[in-house]
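The listed protein sequences derive, respectively, from chains A and B.
Each residue of the first sequence is one higher than the one before, starting from 317 at the first, in this note's numbering.
Each residue of the second sequence is one higher than the one before, starting from 2 at the first, in this note's numbering.
If you are wondering where the hints come from, they were derived from the structure by calculation, not from laboratory data.
Think of the CB as a built atom: it goes at the ideal place given N, C-alpha and C, for glycine as much as any other residue.
Don't take every hint at face value.
Said to hold, decoys possible - In silico DSBU-like pairs for lysine-lysine, Cα to Cα no more than 35 Å straight-line: (1) A:Lys349 with B:Lys204; (2) A:Lys349 with B:Lys104; (3) B:Lys113 with A:Lys351; (4) B:Lys193 with A:Lys351; (5) A:Lys349 with B:Lys193; (6) B:Lys113 with A:Lys428; (7) A:Lys428 with B:Lys204.
To be verified - Here are some of the chain A residues that sit facing chain B, going by a computed Cβ distance under 7 Å: (8) Thr344; (9) Leu389; (10) Gly390; (11) Thr403; (12) Leu432; (13) Val440; (14) Leu443.
What the hints assert, rightly or not - Label-pair restraints from in silico Cβ distances: (15) A:Glu408 with B:Leu136: 16 to 24 Å; (16) A:Glu513 with B:Asp102: 31 to 39 Å; (17) B:Gln203 with A:Val417: 23 to 31 Å; (18) A:Ile324 with B:Val140: 40 to 48 Å; (19) B:Ile185 with A:Thr435: 45 to 53 Å; (20) B:Val138 with A:Val417: 50 to 58 Å; (21) B:Asp195 with A:Leu321: 35 to 43 Å.
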Amino acid sequence: MEIKLNQILVLGLLFLLLSCETRFETNTRVLVKGKVVDDFGQPISNAEISVYTQKGTGYILTPGPSGEDEYLLGRNICNADGTFSVTSIFDEDVDFFIEVVSDNNFSEYIYKTSTLFYTPENLVFDLQTVTLKELVNVNYNISRVSGEGNSISYTFTFIDDFCIEVFEEGELIENESYCFQDIELNGTLNDNLPNIERNFSSVLGSIVEFTYSINNQPEVSETFTIGQENYEFTFTY
Amino acid sequence: MSLHLPIRDIIIISLLFLGSVGYAQSDIEDINKDEEIGFNKRHKTRQKYATFSIGYHNPITSGDNYFGNALEGSSGIDFSFQFYIYRQFVLGVSANSSYFDVKDQTIVGNYKKTTLNEQFLYVGYEFLPTNKLRLGVLVSIIGNARFKNKFRSQPLAYQIDYGNLGSYGFNIKYEIGRSFMIHIDYAYRTSKTDIKTPLEIQKTFSRASYHNIGFGLTFTIGSKDMLSRLIE
């Protein structure tokens, strides 16, 4: 069988295009350290700190299909005093991030940076003090008691339970970061759907603004403070 | 277990062995002549020209370092080739692969397995305590180590560390035939790594060390050392 050179070249190029090998930085370990506390400055033990990098999969010339392209490079748990130290492999990538997660009662924190042209000083990512806020579920129940033909438009404005800080060469980029910002949850109830019972997550001790308009009348606002776990809010119209 | 020895090393060692077989042909003619003279003369000669060994070993990690504290050895293979320079003084080259499982990822990073490939040049001496036994002591002159740390196999994700290698060991060989031996061996291997780390964990990653205990087969060629051949 005669194998032509151009056939070998085509096969070789195809092999390269479909190569899925991922290699991280040679001869390098980094350290991620800091302390995790709650809103009152009390240490949170057993929070989990994970270091990730995210690479495109599949192809050299064009981005590959999305899938399992997130790689966990290092992970550890906080000490009893809230301090942590994570030994991790290092990767030069635009998506290098460190995730701090406690149990479901606390918010999550993400430190995101690009390490494509940046290596931290002394190979240490010092997150210093990371504050996780205690979260609560707000269960709301809005029901119609006024009979058919009546409708209500409503908005809950509350603090989102998510925080991601974006850094560039060790400096915080505020306009790309998103931390515990106000978020709105809207809805309309009418003859098609007169009642609703749902929930959302927000920060313990924060203020929620409930704004509503019944039958397109001027809006009315009221506020309440989420002072306990599983806060119940009931409204009738 | 997958065979992950650099192909280049196997080819070099195999070429050395094959080349030496050809060079040692004259020894076979000498031996045949001795057989014409008498059996005893041949039997007294235990001098060899070269040997080729292949073996299996069990690596046992050690030391207060990332290797000793976070990795556990599972298996390994060895290839080596040595010349007898003068009498029982030897000079050899060795290429090995050892396989380790990570038992504590919080110390090293989140990978699961390490494959260690080593190559080194060594010198040594073989004592001949009895008619059939040989006791060799070996020390490396120069060597290098390559640690391939695997995260996942499909698709493959890995990271590489490098280091210099030192090997100190001994072997006991039993001669079964004129050109064939079985052996057991021990070596202490230590690598000064090239891993860059923060100061806080520098001591943990500066060195990797482990003990090797193994067994294998040795094939010999020739009956004169290298210096004797050159003088003649």
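Inset, instruction - Classify the hint on Val440 (chain A) as holds or violated, based on whether any CB of chain B lies nearer than 7 Å to its CB. - result: This hint holds: Val440 (chain A) lies near chain B, its Cβ roughly 5 Å from the closest one there, short of 7 Å.
Inset, instruction - Starting from Lys193 (chain B), check that the Cα of Lys351 (chain A) is at most 35 Å away, please. - result: Answer holds: Lys193 (chain B) to Lys351 (chain A) is near 33 Å, not above 35 Å.
Legend entry - Distance restraint hint 23 to 31 Å, applied to the beta-carbon atoms of Gln203 (chain B) and Val417 (chain A): holds (29 Å)
Legend entry - C-beta pair Ile185 (chain B), Thr435 (chain A): status relative to the range 45 to 53 Å that was hinted: Holds, at about 47 Å.
Inset, instruction - For the pair supplied as a hint, Lys349 (chain A) and Lys204 (chain B), confirm whether the alpha-carbon distance does not exceed 35 Å. - result: holds (18 Å)
Inset, instruction - Would you check whether Thr403 (chain A) satisfies its interface hint, that is, whether its CB is within less than 7 Å of any CB in chain B? - result: Thr403 (chain A) check passes; min Cβ-Cβ to chain B is 6 Å, inside 7 Å.
Legend entry - 35 Å Cα cutoff - pair Lys349 (chain A), Lys193 (chain B): holds (26 Å)
Inset, instruction - For the pair supplied as a hint, Lys349 (chain A) and Lys104 (chain B), confirm whether the alpha-carbon distance does not exceed 35 Å. - result: Holds - the C-alpha atoms of Lys104 (chain B) and Lys349 (chain A) are around 22 Å apart, at most 35 Å.
Legend entry - Range hint 50 to 58 Å (beta carbons of Val138 (chain B) and Val417 (chain A)) holds or violated: holds (55 Å)
Legend entry - Restraint outcome when Leu432 (chain A) is required to lie within 7 Å of chain B by C-beta distance: violated (17 Å)
Legend entry - Closest C-beta approach of Thr344 (chain A) to chain B relative to 7 Å, hint status: holds (5 Å)
Inset, instruction - With respect to the beta-carbon atoms only, verify the hint that Glu408 (chain A) and Leu136 (chain B) lie 16 to 24 Å apart. - result: violated (51 Å)
Comparing the model with each numbered hint stated earlier shows that hints 12, 14, 15, 16 do not hold.
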